[in-house]
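Visitor: Residue numbers (numbering that gives the first Met the number 0), protein chains in the order written: chain A, 0 to 417; chain B, 0 to 525.
Rather than coming from a laboratory, the hints here were simulated on the basis of the structure. Predicted model, so just to flag it, every value in this text is computed and none were measured. Glycine residues also receive a C-beta, built at the ideal position from the N, C-alpha and C atoms. One thing to keep in mind: the hints can contain errors.
Below, a list of computed lysine-lysine pairs in the BS3-like style, where the Cα atoms sit at most 25 Å apart [to be verified]:
#1 B:K108 with B:K86
#2 A:K244 with A:K277
#3 A:K345 with B:K84
#4 A:K345 with B:K86
#5 B:K23 with A:K345
Derived DEER-like restraints, expressed as beta-carbon distance ranges [to be verified]:
#6 B:T486 with A:A370: 38 to 44 Å
#7 B:N474 with A:R26: 41 to 47 Å
#8 A:N206 with B:S125: 42 to 48 Å
#9 B:L269 with A:R26: 58 to 64 Å
#10 A:T198 with B:R380: 26 to 32 Å
#11 B:K315 with A:R81: 39 to 45 Å
#12 A:L123 with B:A333: 54 to 60 Å
#13 A:K117 with B:D67: 33 to 39 Å
#14 B:N271 with A:A70: 57 to 63 Å
#15 B:E150 with A:L5: 56 to 62 Å
Covered, in the sense of this in silico footprint (three residues per stretch, anywhere, with C-beta under 8 Å from a C-beta of chain A), are these stretches of chain B [to be verified]:
#16 6-16
#17 28-37
#18 94-100
#19 121-127
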Amino acid sequence: MSKVDLNKETGPREVFCGLTSIVWLHRRMPDAFFLVVGSRTCAHLIQSAAGVMIFAEPRFGTAILEEKDLAGLADAHEELDRVVNDLISRRPEIKTLFLVGSCPSEVIKLDLATVAEKLNSRFLGQVRFVNYSGSGIETTFTQGEDGALKALVPLMESTDDEKLLLVGTLANNVEDRFKKIFNNIGITNVESFPPRQSTELPKIGKNTKVLLAQPYLSDTVRDLKHRGCEIIQAPFPLGVEGSTKWVLAAAAAFKINELKVHEVIAPLANRARQAIEKHKEILRGKKLFLLPESQLEISLARFLHNECEMELIEVGTPYLNRDLMEEELNLLPDDTKIVEGQHVEKQLDRVRASNPDLVVCGMGLANPLEAEGISTKWSIEMVFSPIHGIDQAADLAGLFSRPLTRNQILTSKSLATH
Amino acid sequence: MELTLWTYEGPPHVGAMRVASSMKDIHYVLHAPQGDTYADLLFTMIERRGQRPPVTYTTFQARDLGGDTAELVKRNITEAVERFKPKTLLVGESCTAELIQDQPGALAKGMGFDIPIVNLELPAYSKKENWGASETFYQIIRTLLKDKVNEIEKINPKRWMSLGRRPKVNILGPTLLGFRCRDDVIEIQRILSEQGIDTNVVAPLGSSPDDIARLTDADINICIYHEIAETSCEWLKRNCGMEYTTTIPIGIKNTINFINEVHEKLDLPLTNQEELEHKSKLPWYSKSVDSNYLTGKRVFIFGDGTHAIAAAKIAKDELGFEVVGLGTYSREMARQVRAAAKELNIEALITNSYLEVEDAMKKASPELVLGTQMERHSAKRLGIPCSVISTPMHVQDVPARYSPQMGWEGANVIFDDWVHPLMMGLEEHLIDMFKHDFEFVDGHQSHLGHTATKGLDNKEDEHAQSNINIQKKGNIIWTDSGRAELTKVPFFVRGKVKSNTEKYALSKGLPEISDETLYDAKAYFG
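Build the full structure now, drawing on both the sequences and the hints.
Guide: Have a look at this one:
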């Protein structure tokens with residue numbers, strides 16, 4: 000392992016909770032519904048994070064706990080039953096219903112597993128119920144996806160077929176590109192988890208080789224391992240370097256000749272490096288500070304340093320799984336300062352003291368930092384935009400160069416001279 | 000348990016944040032888990048604020064629950080007071096912290112700080128955002144003034160005369176994330192200063208605890224937003240004898256009523272009564288011939304209580320619309336909204352469910368919807384023009400330009416915002432003249448943009464669908480002549496005409512609908 004400088008910090012945080020991941024999960028699986036069992040805060044959080052007013056009727060909702068539900072638990076179970084019945088009669092097309100635990104439901108120890116079990120026997124053959132927790136007392140932001148996927152693992156049937164399983168939500172077009180690349184190097188049986196339809200879960204077993212597309216899936220990985228899957232160690236497919244090593248790691252697991260991979264990847268990589276070039280002109284030598292949010296921070300830092308030549312001041316991450324991140328940590332320059340957890344006030348003190356050119360942060364912090372004259376990139380865009388893979392590498396670089404370019408346009412010419 | 004797909008109001012602690020963020024020199028320690036910080040983005044993204052809300056989240060985790068979360072609260076309070084040096088500290092909890100009962104407010108009070116501490120108890124499982132804002136504002140006022148009110152005499156609104164100064168008022172109720180509050184305050188101050196009335200304090204927006212402490216220097220209070228300030232105004236009336244105004248100055252008539260009310264309360268003679276009629280362009284624009292086409296336009300209204308009631312009055316009395324629906328999500332204002340609806344001979348819709356609102360909208364077949372951003376989306380789906388009149392806030396509701404709802408300029412803004420989504424009178428007239436020309440295609444009306452065509456497509460589908468249903472149900476068939484006549488009906492009332500005609504045909508037991516049936520039905524329903 001490279002000698003990165005690992006630190007831990009605790010204190011007040013400015014990070015979303017796991018419920019937020021419903022925003023992309025429900026789009027990935029259009030036949031699923033996510034029912035949060037929580038408070039008005041939960042409902043307000045998801046709609047604020049997602050800007051859901053664009054939907055006629057979203058495929059997620061909240062069963063809002065009221066005072067009478069808190070009085071006695073038996074009531075709460077019955078009430079939840081009633082809400083689920085209403086929901087299913089309203090949305091008969093739903094195939095999988097995720098009961099999502101929240102901070103309040105965890106604190107009052109509402110047993111969603113038992114509820115799901117009962118509902119499963121009642122709606123057998125019509126709707127499948129699974130439960131997980133997206134609560135902020137246990138999960139941050141992207142860990143919500145980890146919980147949702149882990150809940151699906153027991154439903155995956157067994158097979159001894161050899162296959163490559165890509166794990167972690169990818170944009171559909173990115174997934175298609177990856178499958179094409181794998182087919183071209185000779186891996187033909189490639190499936191994705193989560194699938195595009197919640198009912199079409201891939202089968203898994205001892206000949207399933209798991210390649211993680213997202214870095215935040217610790218619990219899912221553990222359960223897949225228990226089912227006999229082999230976990231391929233690799234960095235994550237962000238940027239040309241990460242994506243290439245990622246494909247190479249899969250190829251090695253399938254005993255495919257490295258030359259064959261390079262033959263397929265080289266033209267794509269050359270094209271992508273050229274496309275990155277104009278962003279690199281802007282990003283080179285600029286100081287970058289990443290605040291914790293999506294757990295993609297370490298991979299992003301690696302890409303922005305190694306391929307865009309940015310200088311890393313501090314890389315924050317809400318949670319660090321050293322096993323899963325080992326390959327990434329090895330690719331970081333020595334002495335990179337990594338901070339796991341957060342004390343938002345102290346971290347902002349360090350941001351101001353280090354005079355960064357760009358800060359990657361959450362939406363609550365972006366405008367206040369801009370108002371102080373510090374350029375920002377909101378991290379939530381990383382989970383909503385297709386950024387994975389070689390073909391998206393330049394787009395990914397563009398997400399970071401744009402605020403700097405804009406800043407230059409606004410400050411050096413128009414506003415200053417008019 | 001209530002199934003909620005979308006909610007008009009956030010939880011009560013978000014209301015408390017609106018008050019805290021509106022003020023200066025105040026800090027709010029919120030006992031809350033990770034994730035509740037999402038509320039910051041409402042202020043930094045929607046309002047485009049360049050400062051973070053003055054809120055410290057204790058960020059307790061599951062593993063803290065077995066241990067001492069009270070210590071965590073105290074640590075956060077100490078750090079927040081040291082770092083931000085507030086003049087007043089608010090302490091409260093969000094929904095989850097309410098369940099673990101650490102009583103952070105009581106803890107804070109026991110820590111020996113020499114600043115006022117406001118203990119906020121906002122029941123998250125029964126109350127909502129506006130209630131939370133109202134309660135927070137009230138608790139701040141009560142905490143900062145409770146000693147003072149015992150010492151001072153009851154405030155006589157006419158005391159300015161004997162004190163030999165101009166009358167002075169407080170403007171209470173504007174907050175961040177309140178609909179056009181930023182500009183309403185400017186407009187109201189302008190109106191008052193024209194009348195020789197000074198503003199003592201505007202609160203919560205822009206005020207500090209020091210300002211709250213001198214609220215009693217004013218002669219009366221102006222309540223510009225019942226949802227937020229009524230409780231506080233009542234308390235100040237009860238404890239200091241301060242009178243407050245209840246008329247919301249939205250629209251010409253209510254702006255004039257408001258000015259009269261202020262003058263009466265202060266016993267200040269109103270010298271420019273006649274001038275008032277000409278302060279805004281709305282009365283003349285509404286009278287001008289082009290606006291003839293606004294007569295009887297069917298309008299559906301839904302929003303917070305204050306803005307929905309005001310909108311209904313303007314729609315009916317100042318623009319000559321017909322109000323066909325009126326409702327609110329503000330339960331606290333249900334009584335007033337019901338009364339306003341009763342005057343219009345309609346039944347008020349009091350609900351939190353946007354789907355219920357959309358259904359009611361569909362049934363009322365309005366030509367204009369005045370609602371929240373959610374109604375704008377519903378109206379778009381139905382192909383009906385819409386103007387936004389109320390919170391919940393969207394980034395578009397914080398325009399760069401001066402854009403109040405209250406006072407004279409507010410009336411100008413309202414005329415433009417409500418009338419522009421409609422077809423202009425002349426345009427409507429021309430379309431009527433040319434609609435039988437082969438070049439004419441429904442849906443290219445300028446005011447509906449690209450959504451009109453989509454809306455009409457949906458309507459066509461509905462036509463096809465309901466035709467089938469009707470044939471099954473009552474065996475009614477639209478003949479070619481009936482169908483042709485129906486297409487000549489202006490698109491925005493076509494749905495209504497169609498359903499009325501079918502209702503008529505069913506009631507008369509007619510097997511088919513011809514052009515004549517359509518006219519019979521038209522005559523029958525009037």
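Visitor: Now tell me if each hint is right for this structure.
Guide: The hints, checked one at a time:
1. B:K108 with B:K86: Judged against 25 Å, a Cα distance of about 14 Å means the pair holds.
2. A:K244 with A:K277: Within the cut-off at roughly 23 Å; holds.
3. A:K345 with B:K84: Cα-Cα ~16 Å, so holds.
4. A:K345 with B:K86: holds (22 Å)
5. B:K23 with A:K345: This hinted pair holds, its Cα atoms lying about 22 Å apart.
6. B:T486 with A:A370: 38 to 44 Å: violated (55 Å)
7. B:N474 with A:R26: 41 to 47 Å: holds (44 Å)
8. A:N206 with B:S125: 42 to 48 Å: Because 55 Å falls outside the window, the suggested range is violated.
9. B:L269 with A:R26: 58 to 64 Å: holds (59 Å)
10. A:T198 with B:R380: 26 to 32 Å: holds (29 Å)
11. B:K315 with A:R81: 39 to 45 Å: With Cβ atoms ~41 Å apart, the hint holds.
12. A:L123 with B:A333: 54 to 60 Å: Violated: the Cβ-Cβ distance is about 43 Å, outside 54 to 60 Å.
13. A:K117 with B:D67: 33 to 39 Å: holds (37 Å)
14. B:N271 with A:A70: 57 to 63 Å: Given about 59 Å between the Cβ atoms, the range holds.
15. B:E150 with A:L5: 56 to 62 Å: holds (59 Å)
16. 6-16: holds (count 6)
17. 28-37: Coverage by chain A holds here, the residue count being 6 at a Cβ distance below 8 Å.
18. 94-100: holds (count 4)
19. 121-127: holds (count 5)
The structure fails to meet hints 6, 8 and 12 from the earlier list, while all remaining hints are met.
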